[in-house]
Amino acid sequence: MAVLRLRAPLSELAGGRELRLPGETVVEVLGALERERPALRGWILDERGRIREHINVFVNREHGREETAVGDGDLVHVLPSISGG
Amino acid sequence: MTEVLVGTRKGLFVLRGEPGGELEIAVRRFAGEPVEFATRDPRTGRYLAAVTSAFYGPKLFVAEDPGGEWEQAQGLELPEESDTALTRLWTVVPGEEERLLYAGGDPAVLFESRDGGLTWRLNRGFWEQPGRDRWQPGGGGLCLHSIATWPGDPARLALGTSAVGVWLTEDGGETWRHGNAGLVARYLPEESREGTLDLCVHNLRRAPRRPERLFMQFHGGVYRSDDAGESWTPIGDGLPSDFGFPLAIDPDDPESAYVIPLTADTDRVAPEGRVRVYETRDAGATWAERSEGLPQEDAYLTVLRQAFAGRGSGPGMELYFGATSGEVFGSADAGRTWFRARTHLPPVHSVHVAA
Chain A
1 MAVLRLRAPL SELAGGRELR LPGETVVEVL GALERERPAL RGWILDERGR
51 IREHINVFVN REHGREETAV GDGDLVHVLP SISGG
Chain B
1001 MTEVLVGTRK GLFVLRGEPG GELEIAVRRF AGEPVEFATR DPRTGRYLAA
1051 VTSAFYGPKL FVAEDPGGEW EQAQGLELPE ESDTALTRLW TVVPGEEERL
1101 LYAGGDPAVL FESRDGGLTW RLNRGFWEQP GRDRWQPGGG GLCLHSIATW
1151 PGDPARLALG TSAVGVWLTE DGGETWRHGN AGLVARYLPE ESREGTLDLC
1201 VHNLRRAPRR PERLFMQFHG GVYRSDDAGE SWTPIGDGLP SDFGFPLAID
1251 PDDPESAYVI PLTADTDRVA PEGRVRVYET RDAGATWAER SEGLPQEDAY
1301 LTVLRQAFAG RGSGPGMELY FGATSGEVFG SADAGRTWFR ARTHLPPVHS
1351 VHVAA
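Chains A and B, in that order, are what the protein sequence lines are. Sequential numbering from 1 applies to the first sequence in the working numbering. Sequential numbering from 1001 applies to the second sequence in the working numbering.
Honestly, the hints are just simulated from the structure, not real lab data. Hints may be right or wrong, so weigh each one.
Claimed, not checked - Cross-link-like lysine to aspartate or glutamate pairs, in silico, EDC-like; alpha carbons within 20 Å at most:
| no. | chain 1 | residue 1 | chain 2 | residue 2 |
| --- | --- | --- | --- | --- |
| 1 | B | 1010 | B | 1080 |
| 2 | B | 1059 | B | 1080 |
| 3 | B | 1059 | A | 74 |
| 4 | B | 1059 | A | 47 |
| 5 | B | 1059 | B | 1024 |
| 6 | B | 1059 | B | 1112 |
| 7 | B | 1059 | A | 28 |
| 8 | B | 1059 | B | 1069 |
| 9 | B | 1059 | B | 1071 |
| 10 | B | 1010 | B | 1024 |
| 11 | B | 1059 | B | 1041 |
| 12 | B | 1059 | A | 18 |
To be verified - The following residues of chain A were derived to be distant from chain B, with all beta-carbon distances above 12 Å:
| no. | residue |
| --- | --- |
| 13 | 17 |
| 14 | 21 |
| 15 | 46 |
| 16 | 59 |
Since the structure is predicted, the reported quantities are computational estimates derived from the model, not experimental observations. Backbone N, C-alpha and C fix where the C-beta goes; we use that ideal spot for every residue, glycine too.
My request is simple: use the sequences and hints to build the entire structure.
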């Protein structure tokens, strides 16, 4: 099980800042999140199952993408990128 | 009391008050998020706001009270197998059946809701149009921004898109065809204009009392159709510029239209720094300047396509428009005189008069 950390507003939709979720890749962990917390469907992954352009995912401090491997106890951190105006 | 919903780059503002002076900010929601469009369904009283987070994608939220809880609508997404994701929602329009609503978005997609806006499904007929892979976006994206229903007939719709022209259906959206005859894409080389689908419609409105009549603000040109969108006649003579984005009508007068000219083509601000609304009451044969009370010196404002709306009809019709400068102007006499309804808002994307 990976440890997923979220910030607001995602944490508010998830009902907490930290969740333990199954999955061997980032996209599997995020898919598990959507199944467990349907309110988050479409917020991190788009309808194609891709991480939205301005969302950053870190796995144990390293930048991750959809297929990045995730192991038991790994920390997956989801946060908005530094962009916008 | 009047209630105006103002979608801005930094949230939704609900303005309330008596027309003629500054309206108060009664509610601000979605702080920090771009609200592309907000409306209130007059049949249900329900509020709907299209929010396009730079981070979390486009969402539609629904509320019974704009100051209360907003619920996220479901189903506004493209098929999983598509090579793109929904980018933005541009408009939400009540349909001609109970609880029917339409939404238009980018990449030129139409959604339908049968429950007043809580759940949606993609209109497959339009999504599966042959040649879609060759459709070109305008500067604001490949947007379906105008949905003109036909009063009393849910089978008939006209869509305005940028930049793939006008689309018509007479079977409730099962099949679609073009309605572009007469439109001239002056922004294309002359030899490339004939038969092109690169047609940048900026706004499209139907005259409810004479539904075969539509008015259009085009990317260079103001047009009228008297045959339900099959063909278009230019009516821009007499305007300081026939470029602009929004268009409003008096719903009880099929001869009426209002436009806000902007300097073509890349400048896109009020010509000569003078903010002017132009009104026709003879279907575009003549235009009258309506600028009393509007800034007439050094006012280089831009008014976007969804940022002009009205309430009522006739000489007492209310009109409101918002600018990217964050100002909202109003009129309580069908445009004859104007007042500042609000200043110092974020750049205004949309205006809707809710009550």
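Check your understanding: Holds or violated: is the Cβ of residue 17 of chain A farther than 12 Å from all Cβ atoms of chain B?
Key -> 17 Å, holds
Practice item. Compare the distance between the alpha carbons of residue 1059 of chain B and residue 1069 of chain B with 20 Å, and conclude whether the hinted pair is satisfied. Key: 15 Å, holds
Check your understanding: Within a Cα-Cα threshold of 20 Å, do residue 1059 of chain B and residue 1080 of chain B meet the stated pairing?
Key -> 17 Å, holds
Check your understanding: Keeping to a limit of 20 Å between CA atoms, is the pair of residue 1010 of chain B and residue 1024 of chain B held or broken?
Key -> Holds, at about 17 Å.
**Study point:** Given pair status - residue 74 of chain A, residue 1059 of chain B, alpha carbons within 20 Å
**Key:** Distance of about 31 Å is beyond 20 Å: violated.
Exercise for review: Sort out whether residue 18 of chain A lies within 20 Å of residue 1059 of chain B, counting only the CA atoms.
Suggested key: 24 Å, violated
Exercise for review: Test the statement that residue 21 of chain A is away from the interface with chain B: the closest C-beta pair must be farther apart than 12 Å.
Suggested key: 19 Å, holds
Review point. Is the straight-line distance between the alpha-carbon of residue 1059 of chain B and that of residue 1041 of chain B 20 Å or less?
Key: It holds: about 18 Å lies between the C-alpha atoms, which stays within 20 Å.
Check your understanding: For the pair supplied as a hint, residue 1059 of chain B and residue 1112 of chain B, is the alpha-carbon distance within the 20 Å limit?
Key -> 15 Å, holds
Practice item. Over 12 Å to the closest beta carbon of chain B is the bar; see if residue 59 of chain A clears it. Key: 19 Å, holds
Point to revise | Non-interface claim for residue 46 of chain A versus chain B (Cβ beyond 12 Å) | key: Non-interface label on residue 46 of chain A violated, nearest chain B Cβ at 4 Å vs cutoff 12 Å.
Review point. Taking only the CA atoms, is the gap from residue 1010 of chain B to residue 1080 of chain B under or equal to 20 Å?
Key: Violated - the C-alpha atoms of residue 1080 of chain B and residue 1010 of chain B are around 30 Å apart, more than 20 Å.
Hint compliance for this structure: hints 1, 3, 5, 7, 12 and 15 are not met, and every other hint is.
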